[in-house]
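Enquirer: Sequence:
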Amino acid sequence: MTILLALVGIIGISASGPIIAAFPGVPVLSMAFWRNGAAAAVLSAPALRKNPKAYLHMTSREWFFTGIAGVALALHFVCFMYSMRLTSVAAGTALVCIQGVWIAMFQVLRGTKYRTQVFLGMGVALLGAIVITGFDMGLGRDAIVGDLLALAGGILAAVYTLAGSVARRTLGTTTYASSCYAITAAVLLVLCFLTGTPIWGFDARGWIAIILLTLCAQIFGHTAMNHLLSVLGPLTVSTLILLEIPGAAILAALFLGQVVSIATYAGLAVILVGLALVIRGQAQPKTEV
2 MTILLALVGI IGISASGPII AAFPGVPVLS MAFWRNGAAA AVLSAPALRK NPKAYLHMTS
62 REWFFTGIAG VALALHFVCF MYSMRLTSVA AGTALVCIQG VWIAMFQVLR GTKYRTQVFL
122 GMGVALLGAI VITGFDMGLG RDAIVGDLLA LAGGILAAVY TLAGSVARRT LGTTTYASSC
182 YAITAAVLLV LCFLTGTPIW GFDARGWIAI ILLTLCAQIF GHTAMNHLLS VLGPLTVSTL
242 ILLEIPGAAI LAALFLGQVV SIATYAGLAV ILVGLALVIR GQAQPKTEV
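Anchor point for the sequence shown: position 132 equals 133 in our numbering, and the numbering is continuous, going up by one each time.
Note that these hints are calculated values from the structure, not bench results. Glycine residues also receive a C-beta, built at the ideal position from the N, C-alpha and C atoms. Take these hints with a grain of salt, some might be off.
[Claimed, not checked] Pair by pair, the computed Cβ-Cβ distance ranges are: (1) Leu-128 to Met-2: 16 to 24 Å; (2) His-58 to Gly-124: 23 to 31 Å; (3) Phe-107 to Val-146: 19 to 27 Å; (4) Gly-112 to Pro-199: 32 to 40 Å; (5) Gly-124 to Ala-46: 29 to 37 Å; (6) Ala-42 to Thr-196: 34 to 42 Å; (7) Ile-251 to Arg-281: 31 to 39 Å; (8) Ala-270 to Leu-57: 24 to 32 Å; (9) Leu-121 to Tyr-266: 17 to 25 Å; (10) Arg-86 to Leu-127: 32 to 40 Å.
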């Protein structure tokens, strides 16, 4: 069952970038709001059916970490989804998936000690990011801005994953996911109002994009990964998310005809090597003698 959920989750999140890039007519903030609002509504039904007072029984600590995760997820979507409109799906996804490095950095700041290969891996992964962004500088200002937004999105995704892993220690999948997505949707709704972004009035094609993104990326993708947080932990989940890189690139090539440059593939390969070192090093924290 765990393997099946991981497969569903990977396919779901891999579809996110290509869907966003394929439907440029829908504003990013609107698309992000609806994918979270609709998913929260859908997932709240089973949560309330199982326990009508599920949300009332949540502790202040659970709300605190769920709130951090929800706000981080909202800002992550803003950065990631805008990046998909500015740079290639492959480059943007690769840079977002560096979140494993940021997770390691956050843990080091909290006092966790790791072996040298973790820090070596961080350097290698960041070198891969430089390779990609350096190449994209020749493609124009939009591409480099998209790359930087993707990097910021990866940092926010790390915050979302870490905070979510704490909340998921005591919360069920549907209760956590629905409350987190609801907070995310509320933040995005405020941003829509502040920026004057419409949240309705789209044509049929626009609503199809929103429905596809909600079902594939949010309900199946993010929710499957949220469930796996309590089963596998944030470290393993961040490793699984690496499979989004080739998955998104393949889908973008098949459905959008995006041709990925050799330089992007080279940077992607360097990032994967770096992240492998980070993950392996985290699996064996350095012990004090």
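Enquirer: Compare the structure with each hint and give your call.
Expert: Quick rundown of the hints versus the structure:
no.: 1; hint: Leu-128 to Met-2: 16 to 24 Å; result: violated (38 Å)
no.: 2; hint: His-58 to Gly-124: 23 to 31 Å; result: violated (45 Å)
no.: 3; hint: Phe-107 to Val-146: 19 to 27 Å; result: holds (25 Å)
no.: 4; hint: Gly-112 to Pro-199: 32 to 40 Å; result: violated (46 Å)
no.: 5; hint: Gly-124 to Ala-46: 29 to 37 Å; result: violated (46 Å)
no.: 6; hint: Ala-42 to Thr-196: 34 to 42 Å; result: violated (23 Å)
no.: 7; hint: Ile-251 to Arg-281: 31 to 39 Å; result: violated (25 Å)
no.: 8; hint: Ala-270 to Leu-57: 24 to 32 Å; result: violated (49 Å)
no.: 9; hint: Leu-121 to Tyr-266: 17 to 25 Å; result: holds (22 Å)
no.: 10; hint: Arg-86 to Leu-127: 32 to 40 Å; result: violated (24 Å)
The structure fails hints 1, 2, 4, 5, 6, 7, 8 and 10 (numbered hints given earlier, in ascending order).
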